[in-house]
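Respectively, the protein sequence lines represent chains A and B.
All the letters of the first sequence, read from the start, carry residue numbers 1 to 234 under the UniProt record's numbering.
All the letters of the second sequence, read from the start, carry residue numbers 1 to 234 under the UniProt record's numbering.
Read the hints as simulated data drawn from the structure, not as lab findings.
Check the hints yourself; a few may be wrong.
You can't tell identical chains apart in this list, so a pair holds if it fits in one copy or across any two.
[What the hints assert, rightly or not] Think about it this way: if two alpha-carbon atoms lie no more than 25 Å apart in a straight line, the pair counts; the simulated BS3-like pairs of lysine-lysine are:
no., residue 1, residue 2
1, 110, 53
2, 67, 146
3, 195, 115
4, 195, 67
5, 5, 110
6, 53, 108
7, 37, 67
8, 110, 63
9, 63, 195
10, 146, 4
11, 171, 63
12, 195, 93
13, 195, 155
14, 67, 5
15, 53, 67
16, 115, 53
17, 5, 37
18, 53, 63
All of these numbers come straight from a predicted model, not from anything done at the bench.
Protein chains: 2
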Amino acid sequence: MTSKKVIELFYDVVSPYSWLGFEVMCRYRNVWNIELKLRPAFLGGVMQGAGNKPPGLVPNKFKYMTKDLSRLAEYFDVPLQQPADPFEAMFQKGSLTAMRFVAAVQEKEKDGDKKVENVSRELWRRIWSEDKDITEPASLSEAALKAGLSESEIKEVLASSTSTEIKNNLKSTTQAALDHGAFGFPMIVCHVGGKPEMFFGSDRFELIAHCIGENTIVPCTTHQHIYHQTGRNK
Amino acid sequence: MTSKKVIELFYDVVSPYSWLGFEVMCRYRNVWNIELKLRPAFLGGVMQGAGNKPPGLVPNKFKYMTKDLSRLAEYFDVPLQQPADPFEAMFQKGSLTAMRFVAAVQEKEKDGDKKVENVSRELWRRIWSEDKDITEPASLSEAALKAGLSESEIKEVLASSTSTEIKNNLKSTTQAALDHGAFGFPMIVCHVGGKPEMFFGSDRFELIAHCIGENTIVPCTTHQHIYHQTGRNK
Numbered sequence: 001m002t003s004k005k006v007i008e009l010f011y012d013v014v015s016p017y018s019w020l021g022f023e024v025m026c027r028y029r030n031v032w033n034i035e036l037k038l039r040p041a042f043l044g045g046v047m048q049g050a051g052n053k054p055p056g057l058v059p060n061k062f063k064y065m066t067k068d069l070s071r072l073a074e075y076f077d078v079p080l081q082q083p084a085d086p087f088e089a090m091f092q093k094g095s096l097t098a099m100r101f102v103a104a105v106q107e108k109e110k111d112g113d114k115k116v117e118n119v120s121r122e123l124w125r126r127i128w129s130e131d132k133d134i135t136e137p138a139s140l141s142e143a144a145l146k147a148g149l150s151e152s153e154i155k156e157v158l159a160s161s162t163s164t165e166i167k168n169n170l171k172s173t174t175q176a177a178l179d180h181g182a183f184g185f186p187m188i189v190c191h192v193g194g195k196p197e198m199f200f201g202s203d204r205f206e207l208i209a210h211c212i213g214e215n216t217i218v219p220c221t222t223h224q225h226i227y228h229q230t231g232r233n234k
Numbered sequence: 001m002t003s004k005k006v007i008e009l010f011y012d013v014v015s016p017y018s019w020l021g022f023e024v025m026c027r028y029r030n031v032w033n034i035e036l037k038l039r040p041a042f043l044g045g046v047m048q049g050a051g052n053k054p055p056g057l058v059p060n061k062f063k064y065m066t067k068d069l070s071r072l073a074e075y076f077d078v079p080l081q082q083p084a085d086p087f088e089a090m091f092q093k094g095s096l097t098a099m100r101f102v103a104a105v106q107e108k109e110k111d112g113d114k115k116v117e118n119v120s121r122e123l124w125r126r127i128w129s130e131d132k133d134i135t136e137p138a139s140l141s142e143a144a145l146k147a148g149l150s151e152s153e154i155k156e157v158l159a160s161s162t163s164t165e166i167k168n169n170l171k172s173t174t175q176a177a178l179d180h181g182a183f184g185f186p187m188i189v190c191h192v193g194g195k196p197e198m199f200f201g202s203d204r205f206e207l208i209a210h211c212i213g214e215n216t217i218v219p220c221t222t223h224q225h226i227y228h229q230t231g232r233n234k
């Protein structure tokens, strides 16, 4: 029996390309011999730390990304829809509160990462599918309820999400991303032979497969199968 | 017999990702039922026209791109190597003279595009494999000789490359790219059902295949085959 290769996935629910990368990696964890470590972090901190600017600020790039995301969403079968005002959702409202909430869910979850996976997905669904808020406590509670957390768990997580400990946890994951050379999300770090190999974006799965000695599966013919293996609830 | 779908490939030899896209599309033209139209243009003009900044100016992004290019070069089997000083090669020396030369080759070539294909490849090989100049007339001549042009052809092309007609040709192709929504290269435009569909970069071949009703071929098992079909000379 060979030991599983560790793959870290750094993401922020404000990032639509992160959602695609997240769903694809959640599917591959059932196909590849890997241990997927979810690493919720704060994209705003990464952009600032790396001195990077959001790509959507260039008008032609923004227009293209809208089209590209809609094509990729269909290709990967992720129900991604652009919000009516993506700039308000991404830059004015942002994701700091939401990502602290996800960090708090992760801190509380001792066995596995099903809750952090489900809560992340429900937050993406709100902002990047249903054009709903992810900044208010009521919004976070609603997402967590759908993700299967109990009322008492949600109350506890909401309280701890504003604690210094959780704020520092999120900062520290964000710093770890920067230390790996991040300049945006999603960022995937494969640990092979004691060496971290960093991949940016949701379009390097063939290279990732090559790096860890696995094969990709052509999504257009078999992704429904992988999709269902994850037990993802629509 | 169905008519071939037209695909335009906008590129500049200063762009390493364009080289990857160019080689992959030159291989697929033998596999897909397409007419590939090579559209040499000026990346500097596209960046300025779109208000975009070169991605390599963000240090983490530059570091990653170096790694990413080397991984993709291996994956696609293109002999790409970063020049010792990529900033000097790309931004100080640039590609305006080279792309006017390529535009002049294209203007002169009436039957097909074998010469413009070969000259482009030899220029890429100089800047992005052998760390050689592509700005001096002697450099352009050397590339064109390797590409199979005769001494007299080269003399003619060098002369016409500084003409107003060729300058305007290059400007007009660059403007056509911007009109399609370009913000960088490579840009691939598929004409399907009278509608242009634009794809940016060298990592959307699955989406392009889907768009034109074809299939991609997994490069890791069969690209040698496609590679040889193109008759590409190493």
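Evaluation of the provided hints:
In this homomeric assembly, residue 110 and residue 53 never come within 25 Å of each other (Cα to Cα): the closest approach is 36 Å inside a single copy and 44 Å across copies. Proximity of residue 67 to residue 146 under the C-alpha cut-off of 25 Å is found in neither arrangement, the shortest distances being 29 Å within a copy and 40 Å between copies. In this assembly of identical chains, residue 195 and residue 115 lie within 25 Å of each other by CA distance neither inside one copy nor across copies; the values are 29 Å within and 44 Å between. Taking identical chains as interchangeable, the C-alpha atoms of residue 195 and residue 67 lie at most 25 Å apart only when they sit on different chains, with a minimum of 14 Å there against 36 Å within one chain.
In this assembly of identical chains, residue 5 and residue 110 lie within 25 Å of each other by CA distance solely inside one copy; the values are 21 Å within and 55 Å between copies. Taking identical chains as interchangeable, the C-alpha atoms of residue 53 and residue 108 are never at most 25 Å apart, the minima being 33 Å within one chain and 42 Å between chains. When the C-alpha separation of residue 37 and residue 67 is checked against a cutoff of 25 Å, the pair qualifies only between copies, where the shortest distance is 23 Å, while the shortest distance within a copy is 30 Å. With identical chains, the CA atoms of residue 110 and residue 63 are never at most 25 Å apart, being 42 Å at best within one copy and 36 Å at best between copies.
Taking the closest pair of Cα atoms, residue 63 and residue 195 come within 25 Å of each other only across two copies (17 Å); inside a single copy the shortest separation is 38 Å, beyond that limit. In the homo-oligomer, the alpha carbons of residue 146 and residue 4 never lie at most 25 Å apart, since the shortest distance is 31 Å inside one protomer and 49 Å across protomers. For a Cα distance limit of 25 Å, the shortest separation of residue 171 from residue 63 across copies, 23 Å, qualifies, whereas the shortest one inside one copy, 32 Å, does not. In this homomeric assembly, residue 195 and residue 93 never come within 25 Å of each other (Cα to Cα): the closest approach is 37 Å inside a single copy and 36 Å across copies.
With identical chains, the CA atoms of residue 195 and residue 155 are never at most 25 Å apart, being 40 Å at best within one copy and 52 Å at best between copies. In the homo-oligomer, the alpha carbons of residue 67 and residue 5 lie at most 25 Å apart only across protomers (21 Å), although the nearest pairing inside one protomer, at 34 Å, exceeds that limit. In this assembly of identical chains, the alpha carbons of residue 53 and residue 67 lie at most 25 Å apart whether taken from the same copy (20 Å) or from different copies (21 Å). When the C-alpha separation of residue 115 and residue 53 is checked against a cutoff of 25 Å, the pair qualifies neither within a copy, at 31 Å, nor between copies, at 40 Å.
Only within a single protomer do residue 5 and residue 37 lie at most 25 Å apart by alpha-carbon distance; the minimum there is 10 Å, versus 43 Å between protomers. In the homo-oligomer, the alpha carbons of residue 53 and residue 63 lie at most 25 Å apart both inside one protomer (16 Å) and across protomers (16 Å), since each shortest distance falls under that limit.
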